[in-house]
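> Now for the letters of each chain:
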Amino acid sequence: MNLPDRAWTLLNQALDVYADSPRAINWLRRHLARFTDPLRLAVVGAHASGKSTLVNAIAGECVATEGGQGMAWYQVPPVRSQSPLTLIDTPAIGPDMEPGAVESICMEADAVLYLMGHPHNADLAFLRAVQDHPVARVAAVNSVAVLSRADELGGGRVDALISARQVARKYRKEGELSGLCQDVIAVAGLAASGGRTLTDDEFELLAGLAAAPKEELDPLLLSADRFAADPERERLLVRFGLFGIRLAVTLIRRGADTRAALSTQLAQRSGLGDLRDAISLYFTDRAPVLKARSALIGLDVVLRMEPRPSAAPLVAELERTLAGAHEFHELRLLATVSTGRVRLPEELREEAIRLAGGYGLQPQERLGAQVQGPPLRQAAAAALRVWRAYSENPVFGAAERHAARTVARSCEALITEPAP
Amino acid sequence: MMASPWLDVLDETIQACAAQDRADLVQRLRMRRSELVTPKVRVIVLGESSQGKSQLINGLLNAPVCATGDDVTTTVPAIVEHAASPVGALVTGEVTPALESADRVPAAAESVTAQANKQPGVVRAEVGLPRKLLESGLALIDTPPVGPEVSELTRATQSVLPQADAVLLVSDATRELTPAELDLLERASTLCPTVVVVLTKIDLVPGWRLVAERNRARLAKGGFPATVLPVSAALRLAAARSGDSVLNEESGYGALVSYLHRDLMGQVELLRRRSVSALTRMTVDQLVVPLRERLSKVQDSATDELTARWRAAGRQLEELQRESARWQTVLSDEVADLMADLDFDLRDRTRRILREADEYFEVADPAKDWDEFEDWLRENLKAVAEANSNWLLDRFEWIARKLATQIAPHRPEVFAPETLLDDVYRNEVGDLRMPTVERFTIGQKLFVGMRGSYSGLLMFGLATTLAGMDLINPISIGAGVAFGAKSVFEERGNRLKRRQATARTAAHRHVDDFFLTYGKESKDTVRLIHRELRDRCTAVAHELRAEISETAKRIKQVIDAETAQRGTATRELTKGIEQLDLLRRRGQALAGMSAVRGLTA
Chain A
1 MNLPDRAWTL
11 LNQALDVYAD
21 SPRAINWLRR
31 HLARFTDPLR
41 LAVVGAHASG
51 KSTLVNAIAG
61 ECVATEGGQG
71 MAWYQVPPVR
81 SQSPLTLIDT
91 PAIGPDMEPG
101 AVESICMEAD
111 AVLYLMGHPH
121 NADLAFLRAV
131 QDHPVARVAA
141 VNSVAVLSRA
151 DELGGGRVDA
161 LISARQVARK
171 YRKEGELSGL
181 CQDVIAVAGL
191 AASGGRTLTD
201 DEFELLAGLA
211 AAPKEELDPL
221 LLSADRFAAD
231 PERERLLVRF
241 GLFGIRLAVT
251 LIRRGADTRA
261 ALSTQLAQRS
271 GLGDLRDAIS
281 LYFTDRAPVL
291 KARSALIGLD
301 VVLRMEPRPS
311 AAPLVAELER
321 TLAGAHEFHE
331 LRLLATVSTG
341 RVRLPEELRE
351 EAIRLAGGYG
361 LQPQERLGAQ
371 VQGPPLRQAA
381 AAALRVWRAY
391 SENPVFGAAE
401 RHAARTVARS
411 CEALITEPAP
Chain B
1 MMASPWLDVL
11 DETIQACAAQ
21 DRADLVQRLR
31 MRRSELVTPK
41 VRVIVLGESS
51 QGKSQLINGL
61 LNAPVCATGD
71 DVTTTVPAIV
81 EHAASPVGAL
91 VTGEVTPALE
101 SADRVPAAAE
111 SVTAQANKQP
121 GVVRAEVGLP
131 RKLLESGLAL
141 IDTPPVGPEV
151 SELTRATQSV
161 LPQADAVLLV
171 SDATRELTPA
181 ELDLLERAST
191 LCPTVVVVLT
201 KIDLVPGWRL
211 VAERNRARLA
221 KGGFPATVLP
231 VSAALRLAAA
241 RSGDSVLNEE
251 SGYGALVSYL
261 HRDLMGQVEL
271 LRRRSVSALT
281 RMTVDQLVVP
291 LRERLSKVQD
301 SATDELTARW
311 RAAGRQLEEL
321 QRESARWQTV
331 LSDEVADLMA
341 DLDFDLRDRT
351 RRILREADEY
361 FEVADPAKDW
371 DEFEDWLREN
381 LKAVAEANSN
391 WLLDRFEWIA
401 RKLATQIAPH
411 RPEVFAPETL
421 LDDVYRNEVG
431 DLRMPTVERF
441 TIGQKLFVGM
451 RGSYSGLLMF
461 GLATTLAGMD
471 LINPISIGAG
481 VAFGAKSVFE
491 ERGNRLKRRQ
501 ATARTAAHRH
511 VDDFFLTYGK
521 ESKDTVRLIH
531 RELRDRCTAV
541 AHELRAEISE
551 TAKRIKQVID
561 AETAQRGTAT
571 RELTKGIEQL
581 DLLRRRGQAL
591 AGMSAVRGLT
601 A
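Taken in sequence, the protein lines are chains A and B.
Residues in the first sequence are numbered consecutively from 1, following the UniProt record's numbering.
Residues in the second sequence are numbered consecutively from 1, following the UniProt record's numbering.
Treat the hints as calculated values from the structure; they're not laboratory data.
Beta carbons: idealized from backbone N, C-alpha and C, even for Gly.
Possibly wrong hints are sitting among the right ones.
Calculated Cβ distances over 10 angstroms to all of chain A for the following chain B residues [what the hints assert, rightly or not]:
#: 1; residue: 266
#: 2; residue: 374
#: 3; residue: 467
#: 4; residue: 474
Between beta-carbon pairs, the in silico distance windows are [to be verified]:
#: 5; chain 1: B; residue 1: 292; chain 2: A; residue 2: 96; range: 32 to 40 angstroms
#: 6; chain 1: A; residue 1: 132; chain 2: B; residue 2: 223; range: 35 to 43 angstroms
#: 7; chain 1: B; residue 1: 111; chain 2: A; residue 2: 179; range: 33 to 41 angstroms
No farther apart than 35 angstroms at their CA atoms in a straight line, the calculated lysine-lysine pairs in the DSBU-like style are these [said to hold, decoys possible]:
#: 8; chain 1: B; residue 1: 118; chain 2: A; residue 2: 170
#: 9; chain 1: A; residue 1: 173; chain 2: B; residue 2: 118
#: 10; chain 1: B; residue 1: 520; chain 2: B; residue 2: 497
#: 11; chain 1: B; residue 1: 382; chain 2: B; residue 2: 368
#: 12; chain 1: B; residue 1: 486; chain 2: B; residue 2: 497
When you get a sec, could you build the whole thing from the sequences and use the hints?
Written as structure tokens, this is what we have:
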């Protein structure tokens, strides 16, 4: 039985055990209902870190307004490249936030995007709080840090995102951040949301700017003050930021001369593509596992708040489930391998990600072979042998050998368990 | 050079440090003094990472002297000063508190900071540039970012902070001042009182005016009326490239340069005063703390404990008074009990002896058995005397021990029974005189017998004469003989009884005598020991009293001495603190002497 099924069974068993407690029943029913809902992704950050902007960028619509109070929920319907998602815009993290706000965010969200400025100055207390739960510690697989104003990090130059990506790459491997989140991703929030929600009028305006002679436009683009002198341009500035406008103009001049092309290019260049890939890889593709994780946390809360003798088997079963949940290990593995915290040779790295389900959870997808029945098992057994050998290869470091063991365990599951 | 008031204050501060044996402070202040007397002004550029500190300096100098990057780039401080031609040097060696000193390796001016940031073992970079801005002695110091955690970089920055004459706190316009930055500002301003907040990257942010306004409000609310100067290094550098003076104006650097020129370099004297004021305040704070601690220690700790002990001694004396009276009562009670017990015992024993003696003389003939009786009686009386006096001694021993445990448990020898009872006499039973017991001699027997035989002879002779017989006939003779024998026999019995009575009386009298004599002596002994014990009790009480009074006296002396000493120490410490306070006030006066336009917002 895989993890989501187990979690589902456990919740239902808990319903029987707590049949006489309306509060517990209510709580458990809510978690059962959450199981089938889309994944809930909370966007969290300090004041003015770009939460609403990023929500808009991910949603592809201007749904969130700035300065909203409390948690705001937005449904993102499935589109070609994105699974359904529930985005939660949260109140600003900071010294003046309400007590218990962090806990309630942790309880409501299945996954978290934590927005920060420069990682060197970042306050990691929130990320620590997210992992501060017995179940969460076992499965620290639900958060990604976002450098949400990456253009400012690079001083607003057109190549700002390139250097911001380098900063993100450095911090995803080093320091405390690497233990607290699965990945660090740089996004120029305004350019991203502007790109995703680009209107025809805005495109016309930008195209007009791009068409202007260089010597006329360049002085204007020097500073926000100069650019905002005209009210129309000021609106553009609010929507795209100076970096976004510079980028858009450059992109149009280089040939992205339709609205759709510009929109795509902006999303790509602003780092939104990376972010959406990360959301897919770490969160939506593995939504059942994250749902199961949230459900287990919910169950643990009930078991701890209302302990009773008849619940003892449930407690034991919960512990067993957490200790044996290979899905969490796979998620950690995906994060460590794809962020480079574990350094495997390129072809092994690809294979590890594939076997751990990074490109799809079906056995065929994992094994990269369109076969069925016994040949599939043979292929899995072959992979298992190879990865067992890697797990004992002295050339690899301890972290790499550990990763290889996890991959081997995934192969074992392919042999022993029925297809999900 | 004209003697300046700030120099006087600084020298006095150094003297105060020397007076307090703070060689470390003296050394630091001397070093600082030698810096302050030169016309050089050190302006430190401080801030969190990626706020544009290095770029700010580059903008000021219109040259990329400080390496910039998007992540943490600056890892060691870099000092930019005036030089006739561009020079650079890497400074290696120990991290010393002074900016001058240590080993230098020459390097190219353009790349020296980049090298310094990468090369291990480098403490700082030094750059000399032929710039008009630096000509008057301005030195700009680029620093590593100050982070939320105390890192190596933060420490490197803090090591140069005390040498600064002014601080430019750099915060970019993308956000308002964070609590961490305000905290940094507060810490920096204690070390260096001239602080300006530079708001960078204003070209990027449309709403930078609002941010600047909010920052000003927040600073005013926090009690730091620091100037906020908005600048854009990007515009400044672009202006320098194109020679566009309008753009240069927009960059905000004009205000910054004029601040450095007019408000810092033009007010060196005021800067010095402020620096010395801050230095004095910091130093005085450091010096005053131990003095205040000592003062409060002197004031409260001192004689509380001693006074308590002194009072306790007084209470002990009173208690001793009561106790010693109680001891005497205990003693006399015990002795009275003992007397009664002894008396009863003696009486009881002698009566038993008398009863036995009486029984003895029921049958025994004193004439024959007196010697034996006498031995027995003497033995018995001796035994009585011994038992009784042993008892007495035992009881006194017990009493002595009881008193010892009550009065002088720590000095058992005072009531040691051995010393106490040594001289007590051991009573000997006196000689028993033989009672005058008459002997029944042959003559008397004969006379009594004859008297009895005669009366018998006469009686039977007269009777037989009635039967016609002679008065003297064989019958009467026979009767006379029989009667004579009888009266001798009877006489002998009477005499025995009399003798026995006499012997009993003699025994009684003797025992009585013994009772009286021994009783008297026994009582004397009791009184003797009683007195001895009483005297010892009194002596112990006296000794204890003397001891306690002596202790109390000594405590009092100590208290008096210490009070006097404390008074002196308090006066000295208070004077020291007052002097330091005065010094601090003079320091404060230096800073406030003339609030020059522009330096205070």
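> If a hint holds in the structure, say so; if it does not, say that too.
Hint check results:
1. A cut-off of 10 angstroms between C-beta atoms confirms that residue 266 of chain B is not in contact with chain A; the least separation is 30 angstroms.
2. With 10 angstroms as the threshold on Cβ separation, the claim that residue 374 of chain B sits away from chain A holds: the shortest Cβ distance comes to roughly 100 angstroms.
3. With 10 angstroms as the threshold on Cβ separation, the claim that residue 467 of chain B sits away from chain A holds: the shortest Cβ distance comes to roughly 138 angstroms.
4. Non-interface status of residue 474 of chain B relative to chain A is upheld: no Cβ of that chain comes within 10 angstroms, the nearest being about 136 angstroms off.
5. Taking 32 to 40 angstroms as the suggested C-beta distance range, the pair residue 292 of chain B and residue 96 of chain A conforms, at roughly 37 angstroms.
6. Separated by about 36 angstroms at the C-beta atoms, residue 132 of chain A and residue 223 of chain B satisfy the suggested range of 35 to 43 angstroms.
7. For residue 111 of chain B and residue 179 of chain A, the hinted distance range of 33 to 41 angstroms is satisfied, since their beta carbons lie about 36 angstroms from each other.
8. For the hint linking residue 118 of chain B to residue 170 of chain A, the alpha-carbon distance of about 16 angstroms falls within 35 angstroms, and the restraint holds.
9. The straight-line distance between the Cα atoms of residue 173 of chain A and residue 118 of chain B is roughly 20 angstroms, inside the 35 angstroms bound, and the hint therefore holds.
10. A threshold of 35 angstroms between alpha carbons decides the hint, and for residue 520 of chain B with residue 497 of chain B the separation of about 34 angstroms falls inside it, so the pair holds.
11. Restraint check for residue 382 of chain B and residue 368 of chain B: the C-alpha separation of about 23 angstroms stays at or below 35 angstroms, so the hint holds.
12. With a C-alpha separation of about 17 angstroms, the suggested pair residue 486 of chain B and residue 497 of chain B falls inside the 35 angstroms cut-off, and the hint holds.
When each numbered hint is compared with the structure, no violation occurs for any of them.
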